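Enquirer: Sequence:
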Amino acid sequence: MAYKVNDLSAAIEGHIVLLGPYEPIDGYRVAVIDNAGMPIEFVETTLTDDEIWGRARSGQSASLYT
Numbered sequence: 001m002a003y004k005v006n007d008l009s010a011a012i013e014g015h016i017v018l019l020g021p022y023e024p025i026d027g028y029r030v031a032v033i034d035n036a037g038m039p040i041e042f043v044e045t046t047l048t049d050d051e052i053w054g055r056a057r058s059g060q061s062a063s064l065y066t
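Residue numbering for the sequence shown is 1 to 66, as defined by this note's numbering.
Fair warning: there could be bad hints in the mix.
Unchecked claim - Derived pair list, reagent style EDC-like, types lysine to aspartate or glutamate, alpha-carbon separation capped at 16 Å:
hint, residue 1, residue 2
1, Lys4, Glu23
2, Lys4, Asp49
3, Lys4, Glu41
Think of the hints as simulated: they come from the structure by calculation, not from any bench.
None of the values given here were measured: they were computed from a predicted structure.
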């Protein structure tokens, strides 16, 4: 299950973080928390769906990986 949030840091505060936060593409931050044994993904982004899928299709990664 995933949720889009306005503030990733606030969303994960006080939770057990399983993964992240990380930025797989510029402008798209992700973290996964443990919610009573169920992983929940939080995403913070200002990108539109078209921008996200366009970058995914093109293989454009975050500048961190270049």
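Enquirer: None of the hints should be skipped; say for each whether it holds.
Expert: Hint check results:
1. Lys4 / Glu23: Holds, at roughly 14 Å.
2. Lys4 / Asp49: holds, 12 Å
3. Lys4 / Glu41: holds, 9 Å
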